[in-house]
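Protein chains in written order, with numbering that gives the first Met the number 0: chain G, 0 to 419; chain B, 0 to 419; chain E, 0 to 419; chain S, 0 to 419.
It should be emphasised that the hints constitute simulated quantities derived from the structure, not laboratory data.
The beta carbon of each residue, even a glycine, is placed where N, CA and C say it ideally should be.
Among the hints, a few may not be true.
Unchecked claim - Example chain E residues on the side facing chain B (calculated, C-beta under 7 Å, incomplete):
{"hint": "1", "residue": "F23"}
{"hint": "2", "residue": "R90"}
{"hint": "3", "residue": "P94"}
{"hint": "4", "residue": "I125"}
{"hint": "5", "residue": "V209"}
{"hint": "6", "residue": "Q265"}
{"hint": "7", "residue": "N276"}
{"hint": "8", "residue": "E356"}
{"hint": "9", "residue": "D406"}
{"hint": "10", "residue": "C412"}
Said to hold, decoys possible - Calculated pairs, DSSO-like style, for lysine-lysine (alpha carbon to alpha carbon, straight line, at most 30 Å):
{"hint": "11", "chain 1": "E", "residue 1": "K332", "chain 2": "S", "residue 2": "K401"}
{"hint": "12", "chain 1": "B", "residue 1": "K414", "chain 2": "G", "residue 2": "K64"}
{"hint": "13", "chain 1": "G", "residue 1": "K182", "chain 2": "G", "residue 2": "K55"}
{"hint": "14", "chain 1": "S", "residue 1": "K414", "chain 2": "G", "residue 2": "K55"}
{"hint": "15", "chain 1": "S", "residue 1": "K414", "chain 2": "E", "residue 2": "K315"}
{"hint": "16", "chain 1": "B", "residue 1": "K182", "chain 2": "B", "residue 2": "K315"}
{"hint": "17", "chain 1": "E", "residue 1": "K54", "chain 2": "E", "residue 2": "K180"}
{"hint": "18", "chain 1": "B", "residue 1": "K402", "chain 2": "E", "residue 2": "K54"}
{"hint": "19", "chain 1": "B", "residue 1": "K401", "chain 2": "E", "residue 2": "K28"}
Number of protein chains: 4
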Amino acid sequence: MTQADFQIENLGKCSLNTPIRDMFFVDDKERVTYEIDPGKIGKAPLSFERAGVRKKIFHDPAWSKAAILTAGGLCPGLNDVIRALVLSLKRYGVPVTYGIRYGYRGLNPAHGLEPILLTPELVDAIQNDGGTILGSSRGEEDTAVIVDTLARMNINILFCIGGDGTARGAHAIAQEIKRRKLKISVIVVPKTIDNDISFIDQSFGFATAVLTAQEFVTCAHNEAKGAYNGVGIVKVMGRDSGWIAAYATLANPFANYCLIPEEEFQLEKGNHAFLPNLLNRLEQKHHAVILVAEGAGQELFKKKTIRKDASGNILKDDIGQLLKSEIANYMKKHNVEVTIKYIDPGYTIRSVSAIGEDAVFCTLLANNAVHAAMTGRTDMIVGHWAGEFTHVPINLATSSRKKIQLDSPLWSCVKTLVCF
Amino acid sequence: MTQADFQIENLGKCSLNTPIRDMFFVDDKERVTYEIDPGKIGKAPLSFERAGVRKKIFHDPAWSKAAILTAGGLCPGLNDVIRALVLSLKRYGVPVTYGIRYGYRGLNPAHGLEPILLTPELVDAIQNDGGTILGSSRGEEDTAVIVDTLARMNINILFCIGGDGTARGAHAIAQEIKRRKLKISVIVVPKTIDNDISFIDQSFGFATAVLTAQEFVTCAHNEAKGAYNGVGIVKVMGRDSGWIAAYATLANPFANYCLIPEEEFQLEKGNHAFLPNLLNRLEQKHHAVILVAEGAGQELFKKKTIRKDASGNILKDDIGQLLKSEIANYMKKHNVEVTIKYIDPGYTIRSVSAIGEDAVFCTLLANNAVHAAMTGRTDMIVGHWAGEFTHVPINLATSSRKKIQLDSPLWSCVKTLVCF
Amino acid sequence: MTQADFQIENLGKCSLNTPIRDMFFVDDKERVTYEIDPGKIGKAPLSFERAGVRKKIFHDPAWSKAAILTAGGLCPGLNDVIRALVLSLKRYGVPVTYGIRYGYRGLNPAHGLEPILLTPELVDAIQNDGGTILGSSRGEEDTAVIVDTLARMNINILFCIGGDGTARGAHAIAQEIKRRKLKISVIVVPKTIDNDISFIDQSFGFATAVLTAQEFVTCAHNEAKGAYNGVGIVKVMGRDSGWIAAYATLANPFANYCLIPEEEFQLEKGNHAFLPNLLNRLEQKHHAVILVAEGAGQELFKKKTIRKDASGNILKDDIGQLLKSEIANYMKKHNVEVTIKYIDPGYTIRSVSAIGEDAVFCTLLANNAVHAAMTGRTDMIVGHWAGEFTHVPINLATSSRKKIQLDSPLWSCVKTLVCF
Amino acid sequence: MTQADFQIENLGKCSLNTPIRDMFFVDDKERVTYEIDPGKIGKAPLSFERAGVRKKIFHDPAWSKAAILTAGGLCPGLNDVIRALVLSLKRYGVPVTYGIRYGYRGLNPAHGLEPILLTPELVDAIQNDGGTILGSSRGEEDTAVIVDTLARMNINILFCIGGDGTARGAHAIAQEIKRRKLKISVIVVPKTIDNDISFIDQSFGFATAVLTAQEFVTCAHNEAKGAYNGVGIVKVMGRDSGWIAAYATLANPFANYCLIPEEEFQLEKGNHAFLPNLLNRLEQKHHAVILVAEGAGQELFKKKTIRKDASGNILKDDIGQLLKSEIANYMKKHNVEVTIKYIDPGYTIRSVSAIGEDAVFCTLLANNAVHAAMTGRTDMIVGHWAGEFTHVPINLATSSRKKIQLDSPLWSCVKTLVCF
């Protein structure tokens with residue numbers, strides 16, 4: 000991966016006379032190593048540009064016009080990121096920042112959606128509200144139309160806050176910009192409540208999601224204990240990876256089962272099947288809580304066709320409902336009374352505001368996105384691992400999803416806490 | 000209503016030599032007026048015995064054995080009530096208090112459920128947990144069998160914490176006890192998260208329920224604003240009365256529609272129909288939040304048969320799902336894009352722990368239940384209005400439900416805040 | 000108390016053609032009884048006008064200019080009240096509502112404080128923030144100057160949200176207005192986090208204060224248990240009455256001592272002294288939590304002079320610090336190691352936002368204040384008891400403070416839960 | 000640093016036949032690099048043993064007796080760590096785990112403190128409570144006496160949860176054990192709410208502390224805005240480093256000043272003094288919030304003698320009180336009215352329970368402490384950085400404190416958000 004891949008040419012046009020009070024400049028040659036293998040000393044490991052303020056920037060702030068959009072599902076911290084982008088751009092001296100309404104849709108004039116002028120005053124306290132003040136949407140818009148809009152509006156910096164689908168859209172836009180030889184930076188601030196984007200050790204909103212999910216596990220536990228052979232099922236986000244489920248299990252000892260997409264399981268058959276195990280627990284304890292990621296157990300459905308949402312995500316069959324009916328049937332078959340309560344807190348988990356360190360992370364992430372944009376980087380996402388922010392090309396970041404390794408200490412630790 | 004109706008004979012057998020530090024004795028003749036009509040000065044209004052400590056009590060504490068059960072759905076504060084009952088009985092000097100498992104079921108030996116011995120140590124911190132440490136259940140057990148159990152176990156005081164169904168069960172038990180000329184007090188601590196029991200101006204758990212519901216309204220609002228023409232639907236408890244919905248609307252200005260069982264509405268037809276109103280709002284504001292009580296709009300279903308749960312409550316058709324599909328259809332018909340998020344937080348609202356004044360109310364309510372029991376009162380619930388606790392005969396308390404009056408200042412105030 | 004005492008003459012000038020959707024009109028003759036004595040049937044008890052919408056109002060909404068100010072210390076719910084006043088005035092059709100900055104000070108032009116124009120948009124979400132958007136202050140301003148300002152600005156409705164001192168100021172203003180024969184309504188929305196205003200069974204913000212205080216008691220308990228002979232002291236608001244302390248004790252069983260202004264106590268001397276009792280508890284349990292109202296134990300200070308704050312409130316000596324040092328000395332004298340943690344959460348308790356029913360109460364209270372103002376009532380506060388809102392003349396409301404009766408069931412119940 | 004320094008001899012006595020379900024074994028040769036300098040490829044960087052389950056362990060679980068103690072000040076997560084240690088030891092098959100009361104004191108029989116037998120049942124839900132169920136203390140006990148006790152009680156594994164002072168005590172104990180040629184593992188679980196222990200990128204409890212501090216900043220802001228020229232001062236933990244203050248500032252935009260020990264400042268003199276800056280802000284905004292770490296500005300005190308607490312920590316002069324009086328004086332001198340509210344939430348921040356990822360971290364940290372102990376490691380703390388847990392010798396870990404670098408991106412980012 001060379002710098003040229005995600006930098007606009009003529010980089011370092013104007014030098015930064017520190018209107019911002021960052022005294023810590025990063026040299027373009029500084030790199031952050033990814034996945035060190037200590038056995039291979041002597042060989043250069045995979046590494047990426049270190050993010051941060053540069054002495055020389057590309058876009059002249061005084062002549063810049065930035066735009067921000069949020070796309071895909073809600074996630075705690077969206078408003079924190081928007082706020083920090085706006086304030087950081089202001090510190091560079093960028094006079095105009097537009098908020099694009101409802102994701103990419105707001106860049107297609109056919110929808111007639113006026114942008115919002117994002118001032119420091121307007122964004123001053125938005126971080127206390129969950130959701131996104133810009134609105135969001137799923138689905139694609141014509142890349143050429145979007146680039147037409149950017150060019151017509153003289154936008155030279157575009158921030159796309161979103162997940163995989165959004166990043167792929169941003170990549171297409173950046174490619175089209177390159178083809179047209181325009182000087183527009185496209186920077187992705189990676190958003191995934193599932194925590195499954197590669198090159199981000201923990202995505203914004205995830206910590207808050209774990210916190211919130213934990214509370215619902217307690218509710219499920221109270222419901223389960225409140226009835227004879229009570230079973231509480233809590234479905235949490237996690238299409239392809241079970242990070243929220245795993246972390247919420249570690250955070251809250253009331254979760255007795257943790258089902259994630261990475262680990263297939265059998266309902267009834269085999270030596271290590273779920274339903275007999277649950278029956279055994281009910282006979283001993285008379286209550287159980289099941290924490291299940293939405294993408295878990297998809298192999299249990301007899302699928303004819305694959306359905307997708309507007310973002311291109313494969314729609315998962317409802318594993319919570321499947322478990323509910325399968326447990327009911329199985330227990331009935333074995334003459335075991337059972338009371339099942341199914342809790343699906345997805346919309347709640349994702350629509351609260353980010354708190355504590357999660358909010359801190361949003362601020363730092365956004366700041367580094369602005370630093371990158373001002374230097375003329377483009378077609379990149381802001382990465383983070385081992386305490387460092389980095390520049391990662393979009394097509395690399397979207398090439399694979401981060402999953403829980405079943406032989407990792409993390410998953411091993413989860414398994415010691417659950418029944419199954 | 001005479002005292003004899005809910006008192007064991009030979010009242011006032013032993014006098015209380017204040018092992019409890021209550022210095023405030025209530026005279027048996029003190030009464031609390033219910034619904035004063037100031038226009039009718041001179042005529043005695045409906046009134047009830049004032050609750051509180053009596054100088055003379057009936058059950059000799061040293062020889063007493065008390066039992067506590069919780070029945071019906073969960074409600075914030077159950078453990079607070081259990082805890083306060085246990086501690087209050089201890090202060091009277093009652094040596095043994097049993098916790099009956101899973102409602103009335105725990106009094107039928109056929110189920111093989113052992114009671115828990117409830118000590119002050121065991122209940123010391125249970126109020127921090129939602130749910131009930133005793134477990135609960137719906138459904139009836141044979142009254143004769145229950146009375147057999149009480150007699151066999153030498154229980155002379157039974158506290159039933161529960162709603163309408165539980166109270167009717169307690170009344171049957173009290174009647175059977177009377178027939179058998181046993182000296183067992185049966186006291187109901189009224190529980191209804193719907194807040195619909197008469198003679199209780201506000202039931203325990205209700206304040207916490209409003210608080211919790213309010214947070215889900217905010218989440219629904221964030222979801223609704225996050226999408227173009229986003230609609231958030233929040234369904235809250237309220238089979239026959241819309242107290243939670245009304246209070247949560249007053250507490251949280253993000254609720255744009257408040258639908259309750261007391262006020263029928265039309266979806267499409269008529270001058271004042273819901274769907275055209277919503278369409279109008281979406282065209283203006285592009286988002287809306289609908290707060291709906293579970294018992295609202297039942298007239299919109301074409302019902303063939305009435306289904307009931309094990310407690311005898313009529314099962315409501317899912318108004319939230321109906322609204323979701325009707326809105327989707329209507330907007331499609333009118334070519335209006337809409338994104339609907341349906342949140343059903345029922346299990347969460349009812350399984351959190353009671354806080355603040357709600358916890359205070361649980362303690363006071365339970366104390367007065369114990370005071371009543373010790374004097375030999377029976378077949379009664381503890382009532383509360385205008386700041387006073389009272390003794391109310393069960394059959395009177397269950398004769399009608401408390402509903403929101405559509406011409407009340409409360410409902411008028413709600414209507415000024417919503418669109419419809 | 001006759002109506003004339005707190006009504007502007009020529010009452011009922013214009014009739015309300017319901018721009019507001021309140022369908023529930025209250026007749027001027029309706030009254031709410033205060034303190035019924037059931038023994039005296041036949042004699043009219045003390046009663047007050049029932050609050051609510053009237054068919055005929057005095058101030059012509061279209062020509063009205065209202066003003067709102069907040070004075071005295073912070074209290075949860077101030078912004079809820081401001082918001083509901085603004086929205087309710089808007090529904091009547093009042094075109095202009097000013098927010099006066101920093102209490103009465105904002106009505107004295109010498110301070111150069113410009114009012115804020117309070118629009119529905121501006122107040123839309125302020126209830127989520129604690130504090131007051133208007134700012135507050137203590138201290139008096141010249142009544143004549145204030146009335147000059149009101150007259151010059153053509154303000155015909157003034158809402159003063161504040162406590163005793165604020166109410167006395169409002170009374171003086173109303174009297175001066177009367178003298179000048181102006182037609183300006185002065186309505187007080189009573190604020191007291193201490194919950195000590197008469198004719199208000201529970202003041203706004205109090206429920207939230209109890210909730211918040213409860214959390215600090217838990218912290219004090221954790222600190223106390225964390226050290227050998229650990230003692231946690233939590234001081235809460237309550238100059239003259241111990242309502243917060245009493246309720247927080249009932250809500251949180253971790254409070255072992257509840258010291259309030261209404262009950263004097265001895266530190267060392269006498270049969271029932273505090274320090275020996277605490278020593279005894281430490282020897283048995285090795286930890287203790289003391290919840291103390293700021294006005295408790297003032298008799299323990301050797302006072303030379305009485306100090307007052309700008310509102311005229313007598314400044315209390317710091318009972319928390321006194322207890323801390325007295326406990327330390329006493330335990331040292333008795334060779335008992337002790338670790339004392341003193342927590343003073345006053346500013347935190349009063350600066351959070353009101354939640355749940357507390358927010359509901361603010362809305363209803365403010366609505367009734369507007370209803371009263373529009374009818375031309377003046378020199379009154381909005382009262383509340385037994386579920387009804389009322390009109391209470393200011394001078395009556397400020398004539399006495401509400402205190403905890405030591406022989407009440409409430410205090411008896413507190414005493415059964417604590418050691419002392 | 001060689002392994003021999005912190006391992007008991009004869010390592011790897013018995014091989015683990017996986018009673019615990021960890022399937023992920025770590026080889027003794029695996030190391031985690033600390034501070035990679037990418038410029039020096041080819042040279043082995045500083046690295047430490049990777050923590051985790053080993054195939055061969057030293058202590059035979061069936062014959063082991065473990066003990067756990069907590070020392071120093073409270074910190075969120077103590078009970079999470081205790082709980083996870085107990086459960087993890089149980090999974091290895093260790094039959095007896097003692098809870099030592101009140102830190103090292105509980106190992107000196109002179110204090111007569113009986114240990115608690117820590118069973119899985121006993122610790123099942125303790126993580127919901129703040130504080131420590133074991134109690135804590137500051138101060139030293141005679142090392143020889145402690146080792147006598149460990150030997151007499153046949154304890155072969157000791158976990159010390161504590162900070163710098165506790166770690167130094169543990170090092171002395173481990174050295175004495177080595178001298179006596181005993182086979183007792185001493186493992187430190189590092190606790191520091193200040194987040195200032197080296198080789199731990201973020202210590203347990205810190206995330207929760209930031210979260211809690213953030214709420215107090217909001218309260219201070221509400222108080223500050225509520226008065227004309229209102230100033231809120233919030234003092235947070237941070238004797239030698241300002242991590243909590245810096246993170247809370249990033250998390251909560253209401254903090255206008257962030258004062259930390261790492262950055263000296265002048266009150267009045269010089270070009271960049273605090274008080275003139277504050278005056279300037281008050282004149283513009285009329286309110287300000289100051290977040291100050293307890294160790295900040297110590298150079299402003301004229302110190303005669305250094306005072307230390309029982310743990311050997313230098314007692315800081317109260318910078319909050321100093322600021323309060325200096326601000327008052329300065330503003331008076333400049334005829335600027337000011338209302339100052341000083342909030343000191345230390346006891347509250349540290350006594351709440353750990354939540355979310357903070358709780359997850361406690362569990363993982365404790366598990367790795369147990370893994371290390373079972374292999375016979377001793378005289379070590381469990382470290383953590385870049386997502387990996389490590390073994391770090393105590394004397395290295397206590398050799399320096401982690402501080403905020405004033406030229407770091409983190410502090411640069413803080414500086415862009417504050418006025419000073």
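How the hints compare with the structure:
Using the Cβ-Cβ criterion of 7 Å, the hint placing E:F23 at the interface with chain B is satisfied: the shortest such distance is roughly 5 Å. A cut of 7 Å between beta carbons decides the hint on E:R90: the least distance to chain B is about 6 Å, and the hint holds. Interface hint status for E:P94: violated, as the beta-carbon distance to the closest one in chain B is roughly 18 Å, over 7 Å. For E:I125, the suggested interface contact is broken, since its CB lies about 10 Å from the closest CB of chain B, more than 7 Å.
With its C-beta approaching chain B no nearer than about 5 Å, E:V209 sits inside the 7 Å limit, and its interface hint holds. Evaluation of the E:Q265 hint against chain B yields a violated restraint, the C-beta minimum of about 18 Å exceeding 7 Å. For E:N276, the suggested interface contact is broken, since its CB lies about 14 Å from the closest CB of chain B, more than 7 Å. Checking E:E356 against chain B by beta carbon gives a least distance of about 5 Å; that is within 7 Å, so the hint holds.
The criterion of a C-beta within 7 Å of any C-beta in chain B is met by E:D406, whose closest approach is roughly 5 Å, and the hint holds. Given hint, E:C412 at the interface with chain B, holds; its Cβ is 6 Å from that chain's nearest Cβ, closer than 7 Å. For the hint pairing E:K332 with S:K401, the CA-to-CA distance comes to about 42 Å; that exceeds 30 Å, so the pair is violated. Among the hinted pairs, B:K414 with G:K64 is inconsistent with the structure: their alpha-carbon atoms are about 45 Å apart, more than 30 Å.
Distance restraint check for G:K182 and G:K55: the Cα-Cα separation of roughly 16 Å lies within the 30 Å cut-off, and the hinted pair is therefore satisfied. At roughly 21 Å between alpha-carbon atoms, S:K414 and G:K55 fall within 30 Å of each other, so this suggested pair holds. Between S:K414 and E:K315 the alpha-carbon distance is near 40 Å, which puts this suggested pair outside the 30 Å criterion. Taking the CA atoms of B:K182 and B:K315, the gap is near 40 Å; set against the 30 Å cutoff, the hint is violated.
The suggested pairing of E:K54 with E:K180 holds, with an alpha-carbon distance near 25 Å, which does not exceed 30 Å. This hinted pair checks out: B:K402 and E:K54 have alpha carbons roughly 26 Å apart, not beyond 30 Å. Simply put, B:K401 and E:K28 have alpha-carbon atoms about 27 Å apart, close enough for the 30 Å limit, and the pair holds.
Of the numbered hints listed earlier, those contradicted by the structure are 3, 4, 6, 7, 11, 12, 15, 16.
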